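S.K.: Here's the letter readout for the chains.
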Amino acid sequence: MTVTTERSEHSPEKLLAPVLSAHWDEANSWTLRAYLRHEGYQGSAKALAMDPDAVIALVKDAGLRGRGGAGFPTGMKWQFIPQGDGKPHYLVVNADESEPGTCKDIPLLYANPHALIEGMVIACHAIRSEHAFIYLRGETVPVLRRLHEAVREAYEAGYLGTAERRREKLGVDGLPGLDITVHAGAGAYICGEETALLDSLEGRRGQPRLRPPFPAVAGLYACPTVVNNVESIASVPSILNKGKEWFRSMGSEKSPGFTLYSLSGHVANPGQFEGPLGITLRQLLDMSGGMRPGHRLKFWTPGGSSTPLLTEEHLDVPLDYEGVGAAGSMLGTKALQCFDETTCVVRAVTRWTEFYAHESCGKCTPCREGTYWLVQLLRDVEAGKGRMADLDKLADIADNINGKSFCALGDGAASPIFSSLKYFRAEYEQHITGGGCPFDPAKSTVWADEPRTTLGVTA
Amino acid sequence: MTDVTLGMPQLPAPDYPAEVRSRLEADAAEVIARYPDSRSALLPLLHLVQSEEGHVTRTGIRFCAEVLDLTTAEVTAVATFYTMYRRKASGDYQVGVCTNTLCAVMGGDAIFEELQSHLELGNGETTEDGKVTLEHIECNAACDFAPVVMVNWEFFDNQTVGSAKQLVDDLRAGRTVTPTRGAPLCTFKETARILAGFPDPRPGSVEAGGSAGPASLTGLRLAKGEDAPGRVVSPRHGGAPQDEAPPTHPSSHDAPQRTSASDPHHPAGPVAEEGE
Numbered sequence: 001m002t003v004t005t006e007r008s009e010h011s012p013e014k015l016l017a018p019v020l021s022a023h024w025d026e027a028n029s030w031t032l033r034a035y036l037r038h039e040g041y042q043g044s045a046k047a048l049a050m051d052p053d054a055v056i057a058l059v060k061d062a063g064l065r066g067r068g069g070a071g072f073p074t075g076m077k078w079q080f081i082p083q084g085d086g087k088p089h090y091l092v093v094n095a096d097e098s099e100p101g102t103c104k105d106i107p108l109l110y111a112n113p114h115a116l117i118e119g120m121v122i123a124c125h126a127i128r129s130e131h132a133f134i135y136l137r138g139e140t141v142p143v144l145r146r147l148h149e150a151v152r153e154a155y156e157a158g159y160l161g162t163a164e165r166r167r168e169k170l171g172v173d174g175l176p177g178l179d180i181t182v183h184a185g186a187g188a189y190i191c192g193e194e195t196a197l198l199d200s201l202e203g204r205r206g207q208p209r210l211r212p213p214f215p216a217v218a219g220l221y222a223c224p225t226v227v228n229n230v231e232s233i234a235s236v237p238s239i240l241n242k243g244k245e246w247f248r249s250m251g252s253e254k255s256p257g258f259t260l261y262s263l264s265g266h267v268a269n270p271g272q273f274e275g276p277l278g279i280t281l282r283q284l285l286d287m288s289g290g291m292r293p294g295h296r297l298k299f300w301t302p303g304g305s306s307t308p309l310l311t312e313e314h315l316d317v318p319l320d321y322e323g324v325g326a327a328g329s330m331l332g333t334k335a336l337q338c339f340d341e342t343t344c345v346v347r348a349v350t351r352w353t354e355f356y357a358h359e360s361c362g363k364c365t366p367c368r369e370g371t372y373w374l375v376q377l378l379r380d381v382e383a384g385k386g387r388m389a390d391l392d393k394l395a396d397i398a399d400n401i402n403g404k405s406f407c408a409l410g411d412g413a414a415s416p417i418f419s420s421l422k423y424f425r426a427e428y429e430q431h432i433t434g435g436g437c438p439f440d441p442a443k444s445t446v447w448a449d450e451p452r453t454t455l456g457v458t459a
Numbered sequence: 001m002t003d004v005t006l007g008m009p010q011l012p013a014p015d016y017p018a019e020v021r022s023r024l025e026a027d028a029a030e031v032i033a034r035y036p037d038s039r040s041a042l043l044p045l046l047h048l049v050q051s052e053e054g055h056v057t058r059t060g061i062r063f064c065a066e067v068l069d070l071t072t073a074e075v076t077a078v079a080t081f082y083t084m085y086r087r088k089a090s091g092d093y094q095v096g097v098c099t100n101t102l103c104a105v106m107g108g109d110a111i112f113e114e115l116q117s118h119l120e121l122g123n124g125e126t127t128e129d130g131k132v133t134l135e136h137i138e139c140n141a142a143c144d145f146a147p148v149v150m151v152n153w154e155f156f157d158n159q160t161v162g163s164a165k166q167l168v169d170d171l172r173a174g175r176t177v178t179p180t181r182g183a184p185l186c187t188f189k190e191t192a193r194i195l196a197g198f199p200d201p202r203p204g205s206v207e208a209g210g211s212a213g214p215a216s217l218t219g220l221r222l223a224k225g226e227d228a229p230g231r232v233v234s235p236r237h238g239g240a241p242q243d244e245a246p247p248t249h250p251s252s253h254d255a256p257q258r259t260s261a262s263d264p265h266h267p268a269g270p271v272a273e274e275g276e
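Chains A and B, in that order, are what the protein sequence lines are.
All residue numbers in the first sequence are consecutive under full-length UniProt numbering, ending with 459.
All residue numbers in the second sequence are consecutive under full-length UniProt numbering, ending with 276.
Quick caveat, the hints were computed from the structure, so don't treat them as lab data.
Since the structure is predicted, the reported quantities are computational estimates derived from the model, not experimental observations.
Keep in mind that the hints are not guaranteed to be accurate.
[What the hints assert, rightly or not] Cut-off 20 Å, straight-line C-alpha distance, at most; resulting in silico cross-link-like pairs (SDA-like, lysine to any residue):
{"no.": "1", "chain 1": "B", "residue 1": "K224", "chain 2": "A", "residue 2": "M250"}
{"no.": "2", "chain 1": "A", "residue 1": "K385", "chain 2": "A", "residue 2": "G436"}
{"no.": "3", "chain 1": "B", "residue 1": "K224", "chain 2": "A", "residue 2": "H10"}
{"no.": "4", "chain 1": "A", "residue 1": "K14", "chain 2": "B", "residue 2": "E226"}
{"no.": "5", "chain 1": "A", "residue 1": "K242", "chain 2": "A", "residue 2": "D61"}
{"no.": "6", "chain 1": "B", "residue 1": "K224", "chain 2": "A", "residue 2": "H38"}
{"no.": "7", "chain 1": "B", "residue 1": "K224", "chain 2": "A", "residue 2": "G289"}
{"no.": "8", "chain 1": "B", "residue 1": "K224", "chain 2": "A", "residue 2": "S288"}
{"no.": "9", "chain 1": "A", "residue 1": "K363", "chain 2": "B", "residue 2": "A77"}
The following block holds chain A by itself, in its conformation from the complex (with noise of 0.2 Å):
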């Protein structure tokens, strides 16, 4: 094998593929006539031509899990929805948005918003929904100006609307009408949990809820409801479009498909990359021009601040959700926030554990009152005034959170308290000997590689 081919086998081109985002670099790409130039409402019109139960069992022969996190395959939730129960039945979009490093959604929203609705067409579709929600962050006003005029331009073309219009815009007859509704939350990481996103969504504090019954069953206003992340909704209509053998050409027999790998942190390009499940972080950062110059990868996160921390051993691990779970750790959403050796591993951990007990919504007491606690105990140990015992305290309050708690905030909160512990233990130890932290903050900055001749320039 020549260096030329292998190149070319690891090149960018080769290993992206990009399909929401193939796009995103058109002028204009949000507007309903620049999705239409890109196969745009096709897959719905192959679906509304469809019978309902045969889009979910092709959503669900594509492998299409859940990109919010969990994993879930997409078609069974929809499975789930009871058929002829004679209540109504309603599709909601989480488009909440706000795990640490997660990035994906918000740019696939501002970039290319008729992916969602068509998506949302679809799925209400095959659930028998007539009315559907997107649940938007609120701290995100430029996407909400986007789906506002997404939506208003489903609405005119016919994609949305009453039966009547729709049968005579889109020529299916029997079509029901469709309604959605953009509701914009008011900052609450919990409401990214299904159940408490519900609860939002009907007024209330935003709170889990005891699960069963599941939201299939007894979701929005005690109707059955289905609940997906924005990522997967936005990917049914290509499936539907060009079936699920492309579909599962790309990644793993149980990860089938594409997604979006978020790189950032202390990288030489951070960004959002689409590309087949599988891929690695050694490709991904071979191809994006590495860590930033003269520095290595300490260690990253796979999905988020609630996934496992991983480091510089896992650098080839398939990212897709067998592969990152094998590894010990969970694919969650694909948010590949890379430190290097700069960062203190200590005070990464401490921040990630005061954002858990700030957003844990205090209705169960393991979750509430140990994120609490391991502030305190953490806050001491970054600033050098713990004890060995203390260690062992953070494991052992993070076991009592873990599993134990009402949602999987708690579990969340609890990832990188025992992955920091089993490769950074002696960081952490040395916080406690030392009597401080040995890193200096300064040089994990963005700027901290800068020449200093630089630095005296002022405003």
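Keeping the supplied structure of chain A fixed, place chain B upon it in accordance with the hints.
M.R.: Only chain B this time, still in chain A's reference frame:
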């Protein structure tokens, strides 16, 4: 009868003037009509009353309760759960510096520290001219543009200490400030109205900012055989700090906040913290 008030606010809270009330009622009816159940309109309506007064007042809470047939206690319970609802009068521009781990490490802590000393403000405080409220925020889903600063929930990507200082100076001086992604800035109240579900009425506001930010296109450009783009950074107005103090813990703002009051003479809720 004595005049002992026990620090409790006088009930009911003052109503809006009739003209404001009828205008907001028309808006509220439009919001409520979007949902199968009226209570679902509560979050948008709290954004709506915030667009009227700049924060959620007792008057706003009373309004939401009346139009949705809830008690003011039920509305207050919701209003105090979510961080985007302000409980006291604040600035025209909400400047939020991301200090979640990734942004903090990449420079967010340094930016927040510097802005605090530059503006002489603590977390959640407002400049005397009423222009800028400074706070640190959690991850805002723009990690590939770190460090990130949000102003009225518009993105200011790839910030430095210098660019952030320039940003707040410009805001205070009334100079035009353009987000890295998104529309030209409007005031906090105008933003709150968009959040209530009323599309931005300004021509060109939807297309402003282009299709996607540079980092969003990194993978696409590589897939098309183009070279990785160079890292895009904001103009360095002031560069990095010369003598950077080690960051403290800006996330320690979990102490209970007061509920807002319509006017200082009628404070809402207990006026003294427990044990005081």
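S.K.: All hints, please: hold or fail.
M.R.: These are the hints, each one checked on the structure:
| no. | hint | result |
| --- | --- | --- |
| 1 | B/K224 / A/M250 | holds, 18 Å |
| 2 | A/K385 / A/G436 | holds, 7 Å |
| 3 | B/K224 / A/H10 | holds, 14 Å |
| 4 | A/K14 / B/E226 | holds, 13 Å |
| 5 | A/K242 / A/D61 | holds, 13 Å |
| 6 | B/K224 / A/H38 | holds, 16 Å |
| 7 | B/K224 / A/G289 | holds, 16 Å |
| 8 | B/K224 / A/S288 | holds, 13 Å |
| 9 | A/K363 / B/A77 | holds, 14 Å |
Hint violations for this structure: none, all hints satisfied.
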